[in-house]
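A.B. asks: Using the sequences and the hints, build the whole thing.
Top to bottom, those sequences are chains G and S. The UniProt record's numbering puts the first residue of the first sequence at 1, with every later residue one more than the last. The UniProt record's numbering puts the first residue of the second sequence at 1, with every later residue one more than the last.
A hint or two may mislead.
The following label-pair restraints were derived from C-beta to C-beta distances [said to hold, decoys possible]:
| hint | chain 1 | residue 1 | chain 2 | residue 2 | range |
| --- | --- | --- | --- | --- | --- |
| 1 | G | LYS550 | S | SER447 | 30 to 38 Å |
| 2 | S | ILE371 | G | LYS14 | 19 to 27 Å |
| 3 | S | TYR337 | G | LYS583 | 25 to 33 Å |
| 4 | G | LYS9 | S | LEU338 | 49 to 57 Å |
| 5 | S | LEU376 | G | ALA537 | 27 to 35 Å |
| 6 | G | LYS85 | S | LEU202 | 48 to 56 Å |
| 7 | G | GLY96 | S | GLY224 | 51 to 59 Å |
| 8 | G | LEU30 | S | LEU202 | 36 to 44 Å |
| 9 | G | ILE451 | S | LEU376 | 39 to 47 Å |
The set of hints was computed from the structure by calculation and includes no laboratory data. All values derive from a computational prediction rather than experimental measurement. Every residue gets a Cβ at the ideal spot worked out from N, C-alpha and C, and that includes glycine.
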Amino acid sequence: MGRLRQKGKAGAAKAYVTRSKAIKRLQCSLADFRRLCILKGIFPREPRHRKRANKGSSAPTSFYYAKDIAYLAHEPILKKLREHKAFAKKLARALGRGEWSSAKSLEDNKPVYRLDHIIKERYPTFTDAVRDIDDALCMIFLFASLPSKDRISASLVDNCSRLAAEWQLYVMRTHSLRKVFLSIKGVYYQAEIMDQPVTWLVPYQFTQNIPSDVDVRVMLTFLELYQTLLGFVFFKLYTDIGLAYPPPLDIHKQDSGAGIGAFNLEENTRNRLLSTLPSSTGQPEDAKVSSKTVRQAIKALARSSVPEDEREANDLLHDADMGDQDEEFVLRPSTSNPEDAANLPTLHSLSSLPRSHVANLFAPYTFFLSRETSRPIFEFVVCCFGGRIGWSGTSGSGSPFEETDDSITHVIIDRPPIRRFDETEAELSRRQRRKYIQPQWVVDCINNGKILLEEPYLQGKTLPPHLSPFGEREGAYDPHADINDDTDEEGEENGIMEDDKKSDIEHPMDEPLVTALEVAHSNPAAIRAAELQAEAAGMDYGTFEKRLAKSQTKATRVQEQTSGVEEMNKMMLSNKQRKLYEKIKYSERKRHAEVR
Amino acid sequence: MAPLAINRKRKQTVDELSDASDTVSFPDGGPDLPSVDQEDDEVGQESDSDDVDAFPEIDAGSETDGEDDEDSSESEHEGQDYEDASTDDDLHIFPRARTIISDITGQPKKVYPEIEPNYDSDSSTEDAPTRVGNIPLHWYDDLPHVGYDIDGKKVLKPARGDELDKFLKTVDDPTAWTSAFDKSTQTDKPLTAEELDIIRRLEALENPDANYDPYQPTVEWFTGTGKEEIMPLSAAPEPKRRWIPSKWERQKVMKIVRAIRQGRILPSKPKTTSSQPQFHAIWNDEPSSSHAPQLPAPKLRLPTHSESYNPPEEYLPTEEERKDWEATDKEDRERDYLPQKYPSLRLVPAYDQFIQERFSRQLDLYLAPRIQRTKLNIDPNSLIPKLPSPNTLRPFPNYRSLSFTHVRGRVRCVSVSPDGAWVVSADEVGIVCLWEVLVGCEVKRWSLDEKVTAVDWCPRMDVSFFVVGTEGNLRFFIPPNLPPSILTATRAFLNPPTLPPTPTTPSLVKWVNLPPAPTLDGPLLSLELPPSSGLFKHITWHHKGDYFATVSSGGGQGGVWIHQVSRRHSQAPFKKVKGSVQLVSFHPSKPNFFVATQRYVRIYDLMEQKLLKMLTPGIRWISSMDVHPSGDHLIIGGYDRKLCWFDLELSDKPYKILRYHSRAIRSLHFHPSYPLFASSSDDGSIQIFHARVYSDLLMDPLIVPLKILRGHEIREGLGVLQVRWVPKQPWLVSSGADSTVAVWCH
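C.D. replies: See below:
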């Protein structure tokens, strides 16, 4: 006889604890528990059998892993939270007694917890951290746009906007922005950092107010974690490209509304680099210098020989190449190992994929922002793709050039065109030289990876639809389909034709038509195409009709037969399989219905 | 009306008061004083009934005696002066002190009037009008008097005017409101100035005593300068600790000093937040592998085209979609936004749910249990079992070659002759038709004028006849045009020249030999069941053709009878059957007998007369059953659309349950030689299956659906009522409620 097993001593009953039990075990308040869970990233688990996990009770509770809770019990932050509780009591007592000096000394020695170890624990490698900064960025950008109130201190908002600016500066510097999407919720950006796509959402520039059904405490706890996380991530990102972190802030510029221009990106000093990366003997700077000189030399050469327009394109290419080289050298400053030499060419070849020229998409252009367009969005976006951008003084200071500058090629404008009669000659000529485009053009160019025609985006035109660069899930309706329908169909048919020709050559003349018909029998557009093809082949309409009918009946018969057999075979499914089958079919049908 | 006994002093004070108040009308305090007094009294009395609560009753106490003469004289002398200086000091209850120069010391001194120790000085000796003592005076409320005087005579209450008088008095007399009702005398008494002052002070929450000074200078009796104690209380010498610095304190201080010197205690510790650079390179060293990192949280869904500020037109919701979206609860919505289209970017408003969405994302992050779900990415068609194609399993019936129509009535039953040439079909009207399978030509028709519910052909090849079951009796018919040898054999079988001996015990079932009709179109033999046994539901033959079993709807023993033609003997095998018997069947090779009740199928051994097995198909109501020709398999159909395949060697639970008919299954039949079976249903369809049974026990039977035959119409909810295979041919005969019988050929 085996050992007697007592109920509730093993299995799910031991592995899970309910929330109230966890709180009791940790001897903290619910609020502290919540804070711990948020900071440590511990979340409830769903036991396979709720009853077994909860002593036979099926009451609605949330369960945590008992191991997670045991792990929380050793958390230094928990100790700090308890200390803080004691401190709060002491402070309240001191204030109540009017002992101001002791209250002040208490306040000075207030227990403060740090989250460094948590960041390290939750994200053991830097890639893990980068993978998880999506939510952090969204929150930072949201809080940077909130008005400071009693719960949200001004320093918090300042810090958030500083972090947001630092992130944007980094993305601009490394040209790592990939996609931009103007949605009704805000602007989605996607950047690629360390081969990880990082997507964040920035609300449009309006004053947000925290609604009453939102618990600010939870948001602030998350924000606490996110600020620390982003601080460490930015530190690593900045030092990796050889910049000092945090970038110094120019107060004057900041006060005059320069936005992200208020930060000066500083090259890291050499000893600092040495201290952080002991193995890299200042190589990046050397590399940088050399690459710069090389680039200049090439430019000079190109200028002298190549005609104007070609030169620009070449310039662009070289720029991109060089830029990439720069990045490569700087991004991996510590790889001065023996394998370095072997590594570099492959990385280089990887980065010289066609994407590279997209990074400097706007380099030949100079933009000017009209007053009603959002400066933070377009300043960031245009700078990310190498363009120059200026703006009027009403949108903040720091514009590199005035509206009258002759180098401006595009004006991003978002208002209906107005005819002006009092235009001077200079103004008119300037206006004719520039292109007045709506903001969507910039974003669509980025998403398409090429400069689009300005024509449909000109001021006052009805814009073509703005589509998500992130695409839809598989099998969803594709709005491109009906636009490019004809050309696609053609190509497909041609492909099939060729295949068929290869396979059998019995009716070399009719074969393409037959296949086309076979393909086409359901789609009226395809039928029309086939008809045209038949006409081209010199077939009269009657025979075409006959052929069509024949192919259709044939197709339907084949279809019927196969479907009939399948229908019958369905009855051999077991009950479980049948249900699964029905479920899959149902979802399939629903998807189809959505596509319509 | 006149006051009975009023103190002299009181009178005088009243005089003073009236003097003070009536200065305008009587500047000199005229000679009519008494009359005024009286009037006053009256008025006070009248108004008193109202003011009893407001003003406390004034006890006619006379604390101020000896002074009054003097006082009154004074006031009389300097009346004007008194009126002007009606300050607190003047309103004295106590005797007033006079300041005189002392003869002895030459200093001014206060002289208080002598207290005359006579009766007048004591209130107890006062001349009270009644002598009842200090008793509650409301005892006299209902009586005409207020007590007794010293002589024991009643002191009558003074007469009181009515309400109008009272009112008039209050109007006339301006001092009426300052008088109070005195219960002992039952009259109104005007209040003195002192009393009024007390009332005023009480109302103003002041001390009632006018002379009370709350800010008296303190008198230092024991403390203060010059009064210190000089002498010690004890003579003990001063202890050393009072003037030597503490050793322990020094030690403690030194400890702190040492700690400060060593840097363990920082005197003004910089704040923890600003002490070290906030951020440093934490990812430079190797990741510690003590705790495995959790799985990263799932990322948010990326935006689709419909979230664009300028989506293609087809993404915009229609009006009813918008209404639907608005009507559903927030949690039930498929999408948390409605697609919108704005002509330009500047017109895009703030998204009102932005913070809520962020917040709900955070709630998801820390409150939602995460489950790793493997997303089923199955092609649904891969679930469908791969079965051999029906084309490889030919032959099977797949089209209707001919149909034979009865005039009217549902064709309940059909049977095919063992040689496969003839079909006999019978309808509810009572017409039994015999026709050829190949051409559908009717050869003979019997009309029985009774509802025919069961027909079955005897499986013997050397004789040829069939049994028709009607209400309560069975008839044996011989088809026409038989070869003479078979005809004689049949006749000899059914109607032997020497009848077997009648059983000793009289049976309930009567075998009746009918006189041979000259035209040979009548039944040759008839069998009558007891009258209560009702309709025959089912007739089934043993494969040898001597025995057959019937099930009838009524009668005892479950309505099951087994008949032996050669011995003309019938017996009921069961004394009692649990449940109502639906069907019975013989095993094709063994002496086993299958009995299907409403829910179960029991298998009996007829030789040993015992129950072998009970099958539970899980069907609510069994409608049909057939045994595979090998005898190892059984199919059972039910009115609840299920078909169960039983492997009798295997288990008493079905090997396979199929549900494919949309209505009740009516009939099932295995083909005697081909691996086929058919089922018919009320949905008007017949399903043909290929059913291959392997002799190897390890191989599962292969069931392949081959063909759905449609063609019978549904009448009154009934479809195809019976199907029978044609022996030796893969042909099927089916009879339907639409009074047709169809032959399906391959």
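A.B. asks: Which of the numbered hints are not met once you compare them with the structure shown?
C.D. replies: 1, 5, 7 and 8
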